[in-house]
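Asks: Please build the complex by placing chain B on the supplied structure of chain A, with the hints as guidance.
One line per chain: the protein sequences are A and B, in this order. Numbering follows the numbering used here, with no gaps: position 134 of the first sequence is 134. Numbering follows the numbering used here, with no gaps: position 78 of the second sequence is 78.
No lab work stands behind these hints, which were simulated from the structure alone. Think of the CB as a built atom: it goes at the ideal place given N, C-alpha and C, for glycine as much as any other residue. It cannot be assumed that every hint is accurate.
Said to hold, decoys possible - Straight-line Cα separation of at most 30 Å, DSBU-like style, residue types lysine-lysine; simulated pairs: (1) K120(A) with K6(B); (2) K6(B) with K171(A); (3) K85(B) with K131(B); (4) K6(B) with K78(B); (5) K131(B) with K171(A); (6) K131(B) with K47(B); (7) K129(B) with K171(A); (8) K171(A) with K114(B); (9) K171(A) with K148(B); (10) K129(B) with K145(B); (11) K85(B) with K171(A); (12) K179(B) with K47(B); (13) K60(A) with K114(B).
Claimed, not checked - Here are some, though not all, of the chain A residues that point toward chain B, as calculated from beta-carbon distances under 7 Å: (14) P91; (15) M178; (16) P180.
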Amino acid sequence: MNRWQVFINGIMKENPVLVLLIGLCPTLATSSSANDGFGMGVAATFVLIASNILISAVRKWTPDQIRIPIFIIIISTFVTIVDYTMHAADPVLYANLGVFVPLIVVNCIILGRAEAYAYKNDVLSSTLDGIGMGLGFTLTITVLGAIREIIGNGTVTILNYELINLGEGFKPALVFIMPPGAFLVMGLLIATNRLLIRKRG
Amino acid sequence: MLDIIKNSLKMGMVLLVICVIAAAALAQVYSVTSVIIKKNDEEAEKKKRQVVLPQAARFEEKDIEGRKYIIGYDAEDKMIGGIFKAAPKGYGGPINITAGVAPDNSIAAVVITKLDQTETPGLGTNITKPKFLDQFKGKKGSELKLKKDSGTIDAITAATISSRAVANGVRNGWEQYTKDAGEKR
Chain A
1 MNRWQVFING
11 IMKENPVLVL
21 LIGLCPTLAT
31 SSSANDGFGM
41 GVAATFVLIA
51 SNILISAVRK
61 WTPDQIRIPI
71 FIIIISTFVT
81 IVDYTMHAAD
91 PVLYANLGVF
101 VPLIVVNCII
111 LGRAEAYAYK
121 NDVLSSTLDG
131 IGMGLGFTLT
141 ITVLGAIREI
151 IGNGTVTILN
161 YELINLGEGF
171 KPALVFIMPP
181 GAFLVMGLLI
191 ATNRLLIRKR
201 G
Chain B
1 MLDIIKNSLK
11 MGMVLLVICV
21 IAAAALAQVY
31 SVTSVIIKKN
41 DEEAEKKKRQ
51 VVLPQAARFE
61 EKDIEGRKYI
71 IGYDAEDKMI
81 GGIFKAAPKG
91 YGGPINITAG
101 VAPDNSIAAV
111 VITKLDQTET
121 PGLGTNITKP
131 KFLDQFKGKK
141 GSELKLKKDS
151 GTIDAITAAT
161 ISSRAVANGV
171 RNGWEQYTKD
181 AGEKR
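Next comes chain A alone, as it looks inside the complex (with noise of 0.2 Å):
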């Protein structure tokens, strides 16, 4: 497999919401607007990236038995270091970020490709893997957020600018900002990312 394909992986064939299905829980629970949808895959995919460079830089010294706690340690510790740095350089950035920055060490995205794809693989693979998850969840969030918003708020927000409002003549349905409206949209998109991948052949 060519490192382009590793990156572009993440994005459709192996999307990790929509074919994988891992990380569902942040998925579900932060993609009620497209803005909280957004900072929580920036986040995620900040600390994703950084923890398979490490994993995968640690990876020959890591005994097999005992590479889980280690995993999480490293996933851990480097989710409190970002906490700590984003709250001290950029207060703005925290205040709309920081309270996904805790939710990331429960995102199992993170762990699975450390499991499934930094402990087995360079540093530069695991990298561009790390991207291209990060890009893909992203992405799967932020348009679930978006959908979830317009229906059920009738606006899409994104980082406190207002791309769309229906206005007030517009009656949302609230229940898809609820957790149920989460579960139809997810499952939406999960049928049309099937159909395209199979359009593609």
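Replies: Same frame as chain A, now just chain B:
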């Protein structure tokens, strides 16, 4: 048998080394960032005071009846209101409320920033929006309740627990404040 012991020892060592590195890295990052975070928090705190009592030129922290309040004064040193803090339990942890009280004992403004709460993203976090918080302005007493609890505050759809926590927090804080500081003017 010897192999098992050797293996276990080796695994323990590896785990120990990684834990030590992780702990050292965390301690290092924490010691650097905590100073900056504290400074940022202090600045944010000042900004919040300015937002809830915009006319005030100067603030003074005071202990009244053993509780801490911040009293605002204008340029002529006339007292123009007080600020109280409350931290009611929301849906996902405490919600830190900063509220200003005008001289007529009505609420001047309520501020909750995104960093003051850990409510559910997209639902409970709407308590930080002006659309919700502006409802408190100019109200007092039992008006500071959700409409569902026979008050005047509209709860956020699908976030009743967070909304109720804020309304009750503001009301309790307001009651305590007026009892402690309200009559002494």
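Asks: Next, verify each hint and record whether it holds.
Replies: For each hint, the structure was consulted:
1. K120(A) with K6(B): Given pair K120(A), K6(B) holds - Cα atoms ~25 Å apart, limit 30 Å.
2. K6(B) with K171(A): Given that 30 Å is the threshold and the Cα spacing comes to 68 Å, the pair is violated.
3. K85(B) with K131(B): OK: K85(B) and K131(B) at ~21 Å, within 30 Å.
4. K6(B) with K78(B): 77 Å, violated
5. K131(B) with K171(A): 18 Å, holds
6. K131(B) with K47(B): It holds: about 20 Å lies between the C-alpha atoms, which stays within 30 Å.
7. K129(B) with K171(A): Given that 30 Å is the threshold and the Cα spacing comes to 21 Å, the pair holds.
8. K171(A) with K114(B): 27 Å, holds
9. K171(A) with K148(B): 22 Å, holds
10. K129(B) with K145(B): Since the Cα atoms of K129(B) and K145(B) sit roughly 18 Å apart, the hinted pair holds (cutoff 30 Å).
11. K85(B) with K171(A): Given pair K85(B), K171(A) is violated - Cα atoms ~37 Å apart, limit 30 Å.
12. K179(B) with K47(B): 26 Å, holds
13. K60(A) with K114(B): 42 Å, violated
14. P91: 5 Å, holds
15. M178: 6 Å, holds
16. P180: 11 Å, violated
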